[in-house]
Structure formats: structure tokens, C-alpha cells
Amino acid sequence: MNSIQGLLNGFSNVVTPTNLSFTFIGCLLGTIIGVLPGLGPVATMALLLPLTYKISSPTTTVVMMAGIYYGAMYGGSTTSILLNIPGEAASVITCIDGHEMAKQGKAGPALGIAAIGSFIAGTISVIGLTFVAPPLAEIALKFGPAEYFSLATLGLVLATYLISGKSVIKGFIMVIFGLFLGTIGLDPVSGSMRFTLDIPALYGGIDFVTLAMGFFGIAEMLTNLEKQESIQVIATKIGRIYPTLKEWADSLMAILRGSFVGFFLGILPGGGGVMASLLSYALEKRLSRHPERFGKGAIEGVAAPESANNAGATSSFIPLLTLGIPGNTSIAMIFAVLLIAGIQPGPFLIVEHPEVFWSVIASMYIGNVMLLALNLPLIGLWVQLLKIPYSLLATIISLLCLIGVYSVQNNIFDVIFMIIFGVVGYLLRKFDFEAGPLLLAFVLGPICERSLVRALMISEGKISVFLTRPISAVMLSITAILVVLSVIDSIKRSKSQNM
Amino acid sequence: MLPKMKVLACSLIALSVVIIFHSIKVLSLYASNAPGPGFFPFLLGIALLCLSTVLLFSASSNLDEAPLWPHKSWVRPLQAVILFILFALAFEHIGCIATIFAFSFIWQYLIEHRKVLYNIIVSFATSIFVYVLFVVLLKVPFPMGIFSR
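Listed in order, the protein sequences are those of chains D and S.
Reminder that position 65 of the first sequence reads as 66 in this note's numbering, one-by-one numbering, no gaps.
Reminder that position 115 of the second sequence reads as 114 in this note's numbering, one-by-one numbering, no gaps.
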């Protein structure tokens with residue numbers, strides 16, 4: 002099946018009342034949580050995970066989750082521009098020029114170019130995804146267990162290296178912690194119980210939903226509870242939304258460059274929207290004939306990062322759909338959704354479940370159009386959402402976590418474990434440990450262990466198998482270099498702090 | 000007093016030693032010429048030991064660290080955690096509707112300091128929302144407790 006034929010089949014699957022409704026729900030929820038500060042796409046997906054058990058079609062679930070992810074990228078710009086508060090991490094850089102434009106009475110064009118740029122970039126990226134993913138999946142089919150182990154390890158290390166903020170060492174510790182949590186329960190190879198402490202509820206292992214809701218839903222909410230301040234909506238006049246010809250001329254190349262930067266960075270583990278928006282902003286500033294305008298309300302400073310973060314969000318599906326490696330935490334959630342539905346993401350996805358593969362891609366084309374329609378005319382409505390008090394949201398989030406995790410297996414132990422994970426996650430955040438790498442590692446842990454054991458069994462216990470196969474050797478070498486660089490950097494930083 | 004990060008690093012070192020010991024003694028590293036159930040956890044234990052040691056030595060020795068919870072900011076998170084635990088203990092005995100109502104009411108009153116009438120309205124609305132979403136739409140068989148027939 003070629004790409005065009007596959008895509009047409011995907012469209013025929015998505016254009017059903019159910020799938021269109023769930024794509025719309027995903028885009029709508031994504032926009033809402035993108036607008037609301039203090040609730041990110043990962044936490045929202047974690048809150049909705051229990052509901053995915055009730056949806057019979059995996060395609061329906063995945064198109065909704067994907068909609069939440071890229072929808073949040075659209076919505077995130079609203080608070081950045083109007084309030085100088087990023088709705089989610091990828092919109093941090095939009096605050097600089099976006100809010101300046103709002104202060105100058107140009108909030109409308111800023112919001113307009115953010116939505117239009119996001120639409121163009123999202124569409125360019127999904128076209129790239131349509132044609133890049135199938136050949137990459139074909140290459141990945143040739144991978145053996147040694148390559149898979151090395152790829153999963155490199156993916157984890159690279160993602161941690163890029164997403165860990167203050168300390169990469171802490172990120173690596175979270176990776177190990179996540180991998181360790183993944184080993185708890187019945188060992189699928191030997192049938193032995195591992196680290197269960199004779200607690201029957203742990204015999205089946207730790208449930209992903211419990212872990213994700215604890216580390217993201219509960220921990221994020223506890224962190225937000227520390228802050229007493231409430232958000233004040235600034236009475237900014239939005240005015241005209243559609244940019245003028247001059248603003249279009251200033252933004253067009255920035256949108257196109259942002260789209261390509263975002264697309265390529267999104268493919269990398271850890272890339273996604275955050276890195277893409279930061280890099281594209283820096284690139285625009287460097288290429289600009291008037292770099293002094295940046296930071297003072299340059300429309301390119303809004304167009305480029307907003308385009309890049311949407312392109313990155315879309316292209317970050319490529320490693321998931323082709324290699325089975327989630328490159329960031331949001332994609333790890335979608336990975337888990339596929340696993341819950343009994344589908345193993347990776348190169349076999351396009352062969353064994355082409356309807357899921359192509360439907361997800363087709364839903365992105367439709368989702369981008371939906372988001373443009375949702376974001377441009379309804380911008381005033383999203384601003385009103387900011388008036389909802391966080392106290393009310395916190396009550397609903399807490400209840401959705403508690404009830405949601407109970408509803409998965411009707412087991413109160415799951416609720417207790419979630420509270421424990423929530424408290425641990427909250428305490429770790431106090432020490433600047435980020436939960437993203439832990440969740441990625443928890444998802445990739447079984448792949449890592451299975452590939453490691455298989456590779457060693459095939460090679461009769463020879464560890465050299467990882468170094469004699471060229472692709473594996475290259476990937477492990479890059480991994481080793483990254484780890485060593487991080488350790489050296491960490492030691493250097495501590496020396497300078499202690500001086 | 001030791002810097003907090005060093006205490007955490009020492010705890011992680013202790014955890015890694017437990018993982019390594021358990022992997023070798025209780026599980027086995029190799030079984031019939033193939034990696035045993037303890038092999039992968041053993042590698043993780045070693046990695047955690049190395050990283051925690053780096054963390055221990057790279058952690059700041061500055062004794063005048065900023066407090067983790069300035070201005071009693073721990074109060075509301077602690078109240079929330081206690082409320083979560085009470086929710087878990089009560090849910091199967093009292094039933095979902097009464098527990099959700101009580102949780103919502105106490106949360107608004109204790110943590111957010113809202114007025115009683117506001118609390119009653121919000122708690123009532125929240126209970127209906129959760130009941131309709133999970134019990135009516137998703138058909139989740141929740142314990143009804145005091146509302147069971």
C-alpha cells in the first residue's frame with residue numbers, strides 16, 4: 002500500500018461520526034487545557050486514560066489523544082500573548098514578543114498569526130509525516146533485538162538529555178527509577194516475582210494509568226496548591242484578528258522556516274515542541290535584518306515559535322509510529338494508549354494495523370482544520386475560560402484522578418498507589434527532578450529488557466553482540482558520549498557552585 | 000544539618016544497594032545460560048549507584064540552602080493529601096456519591112476557604128457531574144454505599 006492509498010483509507014476511517022466527534026473533542030480539550038495555565042497536555046491525557054478503557058476502537062482513542070496533544074500547542078499561545086503566562090512549556094518563548102504586541106494593542110494579529118502559523122506548520126508537518134513514516138518503518142523492520150535495545154537506550158538518554166532542565170544527572174536518575182518501577186511484578190520470561198514485597202496488588206506490576214495520574218495529575222496539582230496567587234485577566238482589547246498584508250509579509254518566511262525546524266527537531270527524541278520553538282525563535286532573530294525589534298513586539302517572534310512547536314508536535318509521532326520509541330512524555334501517553342488497546346507501536350504497526358496508522362495521520366489533517374476554526378473565531382471565548390477559579394479546577398482534577406483510577410479495575414489499592422506516586426512525584430519536583438523521563442522509561446522499560454535478554458540469548462551470552470553490529474555500536478557510542486558529557490558537566494557545575 | 004540534596008543522594012545509594020542485593024540473592028543473575036530475572040534490575044541498581052554517587056559529590060555543599068517550603072506553603076498540599084487518603088478509606092464504605100460530595104465540600108471549605116452556600120452548590124454540581132460521567136455514561140459499577148437500595 003503506498004502512502005496516498007493508505008492516507009485515503011485513513012480518511013475513510015476517520016470520516017465517521019464517532020471518529021470525527023472524538024477528533025473534535027480532542028482538539029477542543031487540547032485548546033482548553035492549552036489556554037488554562039497549570040494543566041498541561043500530559044496531565045490531561047493522564048486524567049483521560051481511564052476513559053480509554055471504555056472506548057472500544059483504538060483508532061478513536063488515539064485520534065482523540067493526538068488531538069489533545071497538538072490542540073494544546075495551538076491553545077498555549079493565548080495565555081502567552083494575553084497574560085504573559087505560557088499555557089504550556091512550548092509557548093514560553095511566545096510570551097516575549099506576543100505579550101509585547103498585546104501591550105501595544107495588537108493582541109488580535111498576534112493571536113491570529115499564531116493560529117494561522119500553527120495551521121500551516123501543522124499541515125506541512127503532517128504531509129512530511131505521511132511520506133517519511135512508511136520508508137522509516139520499512140528500515141526499522143530490519144532491526145534485531147540488539148539494535149532495538151541500543152535504540153531504546155539512545156532514545157531514553159537523548160530525550161532525557163534534551164528535556165531535563167537544571168540537571169541531566171537527575172533526569173538520568175529518573176530514567177533508572179522509571180525502568181526499575183517497570184520491573185516490579187511478574188517477570189514475563191522466568192515467571193518470578195520481582196520487588197513485589199508480597200503485596201498481591203503488585204503481582205501484576207504497576208499500572209501505567211496509576212503511575213501517570215500520580216506523577217502528573219496529583220503531583221502537578223499539589224505543586225499548584227502551593228501558589229496562593231490567582232490569575233487576573235487583563236482587559237486587553239483583542240480587536241482585528243486577521244493580520245495585515247505587511248504583517249503577512251513579515252511572518253510568511255518565519256512560518257515556513259519554523260515549520261521545517263519544528264519538523265526535523267520533532268523527530269528527535271526529546272525534541273517535540275519546546276526545543277523547536279526555542280530554536281526557531283533564535284534562528285529568526287539571527288536571520289532578521291532588524292534583530293533589535295525582537296523582544297519589542299516583532300510578529301515574526303510569534304509566528305516562528307508557534308509554527309515550530311506545532312510542526313514539532315506532529316512530527317514527534319514519527320518515532321512512535323515507525324520505531325515504537327516515544328520521543329517525549331506526551332507521546333509516551335499515546336504509546337500507553339496503544340498498548341492498553343492491545344496494539345504494539347513500532348514498525349509492525351503499519352503492516353498489522355494500517356487502519357490505526359493511517360487514521361491517526363488523516364485525523365491530523367482534519368484536526369488542523371478544526372483547530373483553525375476553533376481558534377480564530379472563538380478566541381474571545383477561550384479568554385473567558387481564564388476566569389474559572391483554580392480552586393474549582395483543582396477539585397475537579399482531584400476527583401477525576403481519584404475516581405478515574407478507581408474505575409479502571411474497581412480496586413481501591415490503585416487509588417492508594419496513585420496517592421503515593423503523587424506525593425513522591427511532588428517531593429521529587431521540590432528537588433528539581435522532572436517526571437517526564439521517569440514515565441518515558443517506564444513505558445520503554447519492557448522493550449529495553451526484552452531486547453536485551455533476547456540479544457544475549459541469541460548471542461549465547463556474549464555482550465559483544467551490541468558492539469559488533471554497526472547500527473547498535475553507533476547508537477551505543479552516542480549514548481555513552483552523552484552520558485559522559487552530562488557527568489562532566491554536572492561535576493563542573495557543582496565545582497563552580499561550591500567555589 | 001546536611002544539605003538536603005546530599006541526604007536524598009544517600010537515600011538513593013541505599014536504594015540502589017537494596018536493588019543490587021535483591022537481584023543477586025533473591026532473584027538470579029543468570030539461569031540456564033540466559034539472563035535471569037535479576038539481570039536487568041542488577042544493571043539498573045549499578046547504574047543508580049553510579050548516578051547517585053555523582054549526585055552526592057556534585058550536590059551543593061552550601062548549608063544555607065533555601066527552604067523547600069517557604070511561608071508555610073506545605074499546609075495546603077498536606078491538607079490535600081490527608082483528604083485524598085480519607086477519600087480512599089471512605090469510598091467503598093460510604094459510597095461514591097456521598098464521598099464525592101463530602102470531598103468536594105471539605106476541599107472548598109478547608110483548602111480554598113469558600114463560603115458554605117458556595118461549597119454546597121459546587122459540591123452538588125461536582126457530584127452530579129462525576130456521577131453522570133462515570134456511572135451513567137461510562138457504566139462504571141461504583142459502590143453506592145448509603146445510597147444503595
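Hints were generated in silico from the structure; no laboratory data involved.
Check the hints yourself; a few may be wrong.
As the list claims (entries may be wrong) - One side of the interface only, derived from the structure: several residues of chain D facing chain S at Cβ under 7 Å:
#, residue
1, 128
2, 173
3, 181
4, 225
No residue lacks a Cβ here, since even glycine has one placed at the ideal position from N, Cα and C.
Structure-based check of each hint:
Taking 7 Å as the C-beta cut-off, the interface hint given for residue 128 (chain D) is violated, the closest approach to chain S being about 37 Å. Checking residue 173 (chain D) against chain S by beta carbon gives a least distance of about 5 Å; that is within 7 Å, so the hint holds. Annotation: residue 181 (chain D) was flagged as interfacial toward chain S, and the flag holds, the nearest CB pair being 5 Å apart, inside 7 Å. This hint is violated: residue 225 (chain D) has a C-beta 9 Å from the nearest C-beta of chain S, more than the 7 Å allowed.
In terms of the numbered hints stated before, the structure departs from hints 1 and 4, listed from lowest to highest.
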